Structure formats: C-alpha cells, structure tokens
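Note that numbering that gives the first Met the number 0 has the sequence shown beginning at 0, numbered continuously upward.
One or more hints might be untrue.
Restraint-style ranges between C-beta atoms, simulated for each label pair [as the list claims (entries may be wrong)]:
# : residue 1 : residue 2 : range
1 : Q21       : D97       : 16 to 22 Å
2 : Y81       : T102      : 29 to 35 Å
3 : N85       : N49       : 33 to 39 Å
4 : K3        : F47       : 39 to 45 Å
5 : A31       : E75       : 16 to 22 Å
6 : S65       : T18       : 17 to 23 Å
Read the hints as simulated data drawn from the structure, not as lab findings.
It should be emphasised that the depicted structure is a prediction, and the values quoted were computed from it without experimental measurement.
From the three backbone atoms N, C-alpha and C, an ideal C-beta is built for every residue, glycine too.
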Amino acid sequence: MYNKVIMMGRIVNDPELKTTPQGVNVCSFRIAVDRRFTPKGEERKSDFFNVVAWRQQAEFVNRYFSKGRMILVEGEMTTRNYTDKNGNPATWYEIVADRISFTGEKSQGGSYNDYAASAPSAPAPQAPSAPQQAPAPDFSSAPTDDYPF
0 MYNKVIMMGR
10 IVNDPELKTT
20 PQGVNVCSFR
30 IAVDRRFTPK
40 GEERKSDFFN
50 VVAWRQQAEF
60 VNRYFSKGRM
70 ILVEGEMTTR
80 NYTDKNGNPA
90 TWYEIVADRI
100 SFTGEKSQGG
110 SYNDYAASAP
120 SAPAPQAPSA
130 PQQAPAPDFS
140 SAPTDDYPF
C-alpha cells in the first residue's frame, strides 16, 4: 500500500505550535490549494486541507511560516473518527507532514523568504576539471553469443 500526498498552497491561518505532555512539539495549520482547472466564466476554486507537523518540522513551520505564505507539504493523508458536539459520528482528515519546503516565493521586499537570508550559504561551485578520457574497453575477447542482459 502507498499513501503519499504532495501539495503546494497558501497557509490559511497562523500555524499553532503546541507541546504534548511528553514534550513533543506539534504544529497544526490549514492550507488552501487552488484547483488547476477553472470552468469558463467561473472563479477559481480552492480546496482546504488540514496539516500537522511534528518535532523539528513543527518548529520549522512555526519559525518561518505564517498566514498567507506559500508552502510545499509532503506527507500522508490520515483520518480520525470522532463524535461531534451534536453526538454525530464524523471524520477528521489531515496530512501528516514528512517534509515541509519553501516554494521560492519572493517576499514583499523583493528578496526570497526570511530563511534564505539567514541560512548559511552553500560553498561556491568549483570549476569542473577537464574531462579525462578513459581507454575504451576491449570487448574482442568477450563471447558474442552470451550477453549479460
């Protein structure tokens, strides 16, 4: 079985960071994902998804994301059954995030997100060295009727 969800959308509400009684950080938020197809003459529609991130991912979301920011979420869709306040059975759907990423969205100041400004820079790329020619393999002694594939 396979359960993988990848969504990119805007955060609907400020992420809410909590800590469990065992000391584990958990962050929950909702994202709005625009549908790819818009029927002619209609407004673009969005779908809304609940997301939960745990531990370091929770801290990462809480620190660098806020309402209105674009976010990429990878994880798995889960469901939980519960009884609503009227006593009716209901189901809660949420994405349990495995990976959270920036989308490359520019901030209002014209530079990339706040994280990019504070992240350590990557080492400068080095010029590639001249390619070295390896001698061509000698297949003259290989049997011609027995291929390895």
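Status of the hints after comparison with the structure:
1. Q21 <-> D97: 16 to 22 Å: For D97 against Q21, whose Cβ atoms are near 20 Å apart, the range 16 to 22 Å holds.
2. Y81 <-> T102: 29 to 35 Å: holds, 32 Å
3. N85 <-> N49: 33 to 39 Å: Roughly 20 Å apart at Cβ, these two residues miss the hinted range, so it is violated.
4. K3 <-> F47: 39 to 45 Å: At 20 Å between Cβs, range violated.
5. A31 <-> E75: 16 to 22 Å: holds, 20 Å
6. S65 <-> T18: 17 to 23 Å: Holds, at about 20 Å.
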